[in-house]
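> Listed here are the chains, written in short residue letters.
Protein chains: 2
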Amino acid sequence: MTIPSSITSWIPVPESSDFPIQNLPMGWATLPSGFSSPVTRIGDTIVAVGDLVNHGLLPPELAKVRAGWTALTKAELAQLRETLMNLYRSESEPYAELIQIETLLPLDQVILHTPVSIPAFVDFYSGIHHASNVGKMFRPDQPPLLPNYRHLPVGYNGRASSVVVSGTPIRRPKGQTKAPNDENPTFGPTKEMDFELEVGFFLHSGNAMGEPIEIELAEEHILGIVLVNDWSARDVQRWEYQPLGPFLAKSFGTTVSPWVIALDALEPFRVSGPDQEPAVLPHLKASTVGHFDIQLEVSLQPNGSEEASLLCQSNTKHLYWSFSQQLAHQTSNGTPTEAGDLYASGTISGPDEGSYGSMLELTWKGTKPITIQGQTRTFLEDGDTLTLRGFAQGDGYRIGFGEASGTVLPA
Amino acid sequence: MTIPSSITSWIPVPESSDFPIQNLPMGWATLPSGFSSPVTRIGDTIVAVGDLVNHGLLPPELAKVRAGWTALTKAELAQLRETLMNLYRSESEPYAELIQIETLLPLDQVILHTPVSIPAFVDFYSGIHHASNVGKMFRPDQPPLLPNYRHLPVGYNGRASSVVVSGTPIRRPKGQTKAPNDENPTFGPTKEMDFELEVGFFLHSGNAMGEPIEIELAEEHILGIVLVNDWSARDVQRWEYQPLGPFLAKSFGTTVSPWVIALDALEPFRVSGPDQEPAVLPHLKASTVGHFDIQLEVSLQPNGSEEASLLCQSNTKHLYWSFSQQLAHQTSNGTPTEAGDLYASGTISGPDEGSYGSMLELTWKGTKPITIQGQTRTFLEDGDTLTLRGFAQGDGYRIGFGEASGTVLPA
Numbered sequence: 001m002t003i004p005s006s007i008t009s010w011i012p013v014p015e016s017s018d019f020p021i022q023n024l025p026m027g028w029a030t031l032p033s034g035f036s037s038p039v040t041r042i043g044d045t046i047v048a049v050g051d052l053v054n055h056g057l058l059p060p061e062l063a064k065v066r067a068g069w070t071a072l073t074k075a076e077l078a079q080l081r082e083t084l085m086n087l088y089r090s091e092s093e094p095y096a097e098l099i100q101i102e103t104l105l106p107l108d109q110v111i112l113h114t115p116v117s118i119p120a121f122v123d124f125y126s127g128i129h130h131a132s133n134v135g136k137m138f139r140p141d142q143p144p145l146l147p148n149y150r151h152l153p154v155g156y157n158g159r160a161s162s163v164v165v166s167g168t169p170i171r172r173p174k175g176q177t178k179a180p181n182d183e184n185p186t187f188g189p190t191k192e193m194d195f196e197l198e199v200g201f202f203l204h205s206g207n208a209m210g211e212p213i214e215i216e217l218a219e220e221h222i223l224g225i226v227l228v229n230d231w232s233a234r235d236v237q238r239w240e241y242q243p244l245g246p247f248l249a250k251s252f253g254t255t256v257s258p259w260v261i262a263l264d265a266l267e268p269f270r271v272s273g274p275d276q277e278p279a280v281l282p283h284l285k286a287s288t289v290g291h292f293d294i295q296l297e298v299s300l301q302p303n304g305s306e307e308a309s310l311l312c313q314s315n316t317k318h319l320y321w322s323f324s325q326q327l328a329h330q331t332s333n334g335t336p337t338e339a340g341d342l343y344a345s346g347t348i349s350g351p352d353e354g355s356y357g358s359m360l361e362l363t364w365k366g367t368k369p370i371t372i373q374g375q376t377r378t379f380l381e382d383g384d385t386l387t388l389r390g391f392a393q394g395d396g397y398r399i400g401f402g403e404a405s406g407t408v409l410p411a
Numbered sequence: 001m002t003i004p005s006s007i008t009s010w011i012p013v014p015e016s017s018d019f020p021i022q023n024l025p026m027g028w029a030t031l032p033s034g035f036s037s038p039v040t041r042i043g044d045t046i047v048a049v050g051d052l053v054n055h056g057l058l059p060p061e062l063a064k065v066r067a068g069w070t071a072l073t074k075a076e077l078a079q080l081r082e083t084l085m086n087l088y089r090s091e092s093e094p095y096a097e098l099i100q101i102e103t104l105l106p107l108d109q110v111i112l113h114t115p116v117s118i119p120a121f122v123d124f125y126s127g128i129h130h131a132s133n134v135g136k137m138f139r140p141d142q143p144p145l146l147p148n149y150r151h152l153p154v155g156y157n158g159r160a161s162s163v164v165v166s167g168t169p170i171r172r173p174k175g176q177t178k179a180p181n182d183e184n185p186t187f188g189p190t191k192e193m194d195f196e197l198e199v200g201f202f203l204h205s206g207n208a209m210g211e212p213i214e215i216e217l218a219e220e221h222i223l224g225i226v227l228v229n230d231w232s233a234r235d236v237q238r239w240e241y242q243p244l245g246p247f248l249a250k251s252f253g254t255t256v257s258p259w260v261i262a263l264d265a266l267e268p269f270r271v272s273g274p275d276q277e278p279a280v281l282p283h284l285k286a287s288t289v290g291h292f293d294i295q296l297e298v299s300l301q302p303n304g305s306e307e308a309s310l311l312c313q314s315n316t317k318h319l320y321w322s323f324s325q326q327l328a329h330q331t332s333n334g335t336p337t338e339a340g341d342l343y344a345s346g347t348i349s350g351p352d353e354g355s356y357g358s359m360l361e362l363t364w365k366g367t368k369p370i371t372i373q374g375q376t377r378t379f380l381e382d383g384d385t386l387t388l389r390g391f392a393q394g395d396g397y398r399i400g401f402g403e404a405s406g407t408v409l410p411a
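Protein chains in written order, with this note's numbering: chain A, 1 to 411; chain B, 1 to 411.
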């Protein structure tokens with residue numbers, strides 16, 4: 001259920017907070033008790049949803065949320081949102097003491113984890129400006145987009161085992177690289193450590209082998225949306241990727257934000273995506289608007305600096321393919337999927353230079369260095385902290401994603 | 001431990017059986033009792049290893065094998081092999097009744113599953129004759145091998161969720177394809193359903209994120225070897241694979257044989273692989289011989305036929321890269337891995353036409369149809385049953401893999 005913008009909470013919500021009562025994101029945390037629990041967040045206050053069960057504040061049929069968010073049906077998740085709204089809306093303040101204050105915790109008293117466990121990870125390439133920029137850089141004598149790009153959401157299987165939650169440091173990977181003029185490759189730390197500004201969705205439920213998910217039902221299978229930084233080693237990628245695609249250049253670490261934002265919370269922010277021309281085949285054609293207006297930004301705190309500076313701003317509406325189209329495509333051959341599977345969008349660059357979602361594009365293959373707080377960068381240096389943020393702006397409130405942040409450790 | 005060739009079993013072993021007492025493969029089955037259990041096999045007899053625990057026939061420290069083969073350390077797995085050898089060797093026949101005949105079952109009374117659960121699946125491209133053939137077909141104006149091929153084991157992340165055990169039917173996938181002269185792609189059942197003759201290894205134990213597995217320790221992380229058929233849809237692959245590699249053309253089904261063959265059982269069959277020239281970088285250089293002489297064959301039973309015919313014969317010794325090199329490479333960037341992760345070799349074609357490990361090569365892109373039992377084939381038809389087999393030939397015995405078999409169902 002979508003919570004009306006007029007509702008407010010008796011829990012303090014700082015101005016411009018990502019987490020008004022309209023959001024109620026889904027997270028997972030270790031509590032001060034040592035137990036782990038599903039959690040949500042209002043302002044800077046954590047609600048230990050598992051403890052609400054212990055205090056009898058949730059209907060008994062929702063108790064199974066303690067096993068994980070995807071243990072609830074979609075109808076039960078909507079019921080849970082409504083229950084949480086009623087507990088914490090301003091009108092309930094007179095009963096605040098009854099609503100067991102001990103289920104509320106300051107943000108800094110919990111350790112956040114990935115919001116669900118992740119059996120599989122697929123990464124798409126649906127940012128059309130990014131794909132076009134990469135084409136211009138690496139195939140300058142050909143059209144920037146390959147012939148298949150507008151017919152299907154190009155993607156590949158990533159590595160679920162290295163998906164980590166925001167705040168986890170990322171070690172600079174070693175890998176094999178070869179400069180164009182070198183006779184032989186060498187092995188060592190990547191010299192072209194990069195980020196990729198992406199969003200992703202987690203599955204709420206999967207499909208059986210051989211039974212594709214129809215596009216009109218795809219959103220029913222989606223739990224919600226997170227920010228994704230698909231860390232990349234460009235020099236490794238260039239040498240390894242033919243003919244089977246990116247492998248070790250992408251598998252050393254992928255950062256997700258700790259809060260899954262429900263599609264219910266994003267409902268007011270649906271927008272049409274880019275015109276799809278030529279028309280897509282029937283199995284990829286949706287009857288409803290499937291893009292979202294989510295503002296994205298990336299900031300970089302260079303090694304040794306006290307502050308971060310804005311690197312770029314973009315928006316999920318620039319994605320060529322919608323989440324539903326991605327999921328319908330990926331299961332169209334009968335691949336089985338599971339609750340918790342993660343699907344990332346691909347780098348979401350906008351049309352302008354200030355909206356490019358990777359160092360590769362921002363510095364145009366390293367040929368146009370940028371200056372951040374007096375430091376020059378082509379790619380990322382050890383000690384740099386890279387942070388993605390995102391939010392949908394409503395009338396007087398925002399549905400935010402928090403952040404997906406990581407610091408580069410030396411190899 | 002490697003069991004001497006002189007040892008025989010009091011359990012009958014048919015001549016040329018894949019499963020003499022020297023093999024003792026690792027499998028997983030549902031028993032007639034309805035319980036699932038680790039199992040091994042001698043001749044056509046199943047040994048319910050879990051039940052041996054219940055009968056006090058295994059040392060107590062090995063009881064945890066009931067949770068899975070990878071619950072035992074490598075030393076404990078060796079101890080288990082020795083215990084099984086002592087229970088079932090011919091010298092123990094006088095005690096056969098004490099060795100609880102009820103732990104033995106005819107093969108047809110159990111349902112075999114994948115031998116371990118599989119968190120992740122990586123597919124390499126280490127069959128150099130296959131890679132070379134594909135190059136000749138699809139890039140006829142360039143050298144058949146890409147520049148990186150002899151420097152690193154090219155590979156990509158596959159889809160673990162669609163790995164199934166031998167005997168599981170495989171539904172012909174639908175997908176998007178475009179013929180060169182068509183203006184637009186179409187969506188429908190693949191017209192180029194293919195198999196790939198591969199072997200694979202399962203991990204016994206993984207590594208932590210950021211801590212690569214050194215090549216000299218790689219085999220310590222390997223549980224053993226299976227046969228792998230990486231079913232492929234060639235027309236889908238051709239249209240989708242640029243620039244991020246194979247995706248839906250490979251993710252609809254992968255068949256593994258039900259028995260993991262321990263490296264201990266294959267110890268007598270080590271051979272040098274092809275000369276690696278140019279020399280590989282130090283992190284891929286092993287001091288021990290890491291290839292194995294395993295004979296492979298593929299047979300096809302065409303739809304409607306009563307019998308299968310041999311399609312091709314090959315050998316794992318044709319792989320350019322060893323298992324150790326594959327694992328050392330894949331973790332060299334710090335990717336974390338887990339017990340049960342599956343690594344497939346890539347298609348193992350030999351140098352001659354009769355040794356090509358895919359229909360793509362056997363019929364040279366469909367341009368040279370072959371005749372099997374009076375039926376013409378370019379790619380696989382609905383109702384066709386494709387079976388991989390493999391064995392290492394010892395002096396008077398063979399260490400066999402059983403089979404990886406699957407029948408193509410209509411889309």
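Hints are computed from structural coordinates only; laboratory data are not their basis. Heads up, some of the hints might be wrong.
No copy is singled out in the list; a pair is fine if it fits within one copy or between any two copies.
[Said to hold, decoys possible] Once the Cα atoms are required to be at most 25 Å apart in a straight line, the calculated DSS-like pairs of lysine-lysine come out as:
1. K74 with K191
2. K136 with K174
3. K365 with K64
4. K74 with K365
5. K74 with K368
6. K64 with K191
7. K178 with K365
8. K285 with K178
9. K317 with K368
10. K136 with K74
11. K136 with K64
12. K174 with K64
13. K285 with K174
14. K174 with K74
15. K368 with K285
16. K178 with K64
> List in ascending order the numbers of the hints, as given earlier, that are violated by the structure.
The structure breaks hints 1, 2, 3, 4, 5, 6, 9, 10, 11, 12, 14, 15, 16; every other hint is satisfied.
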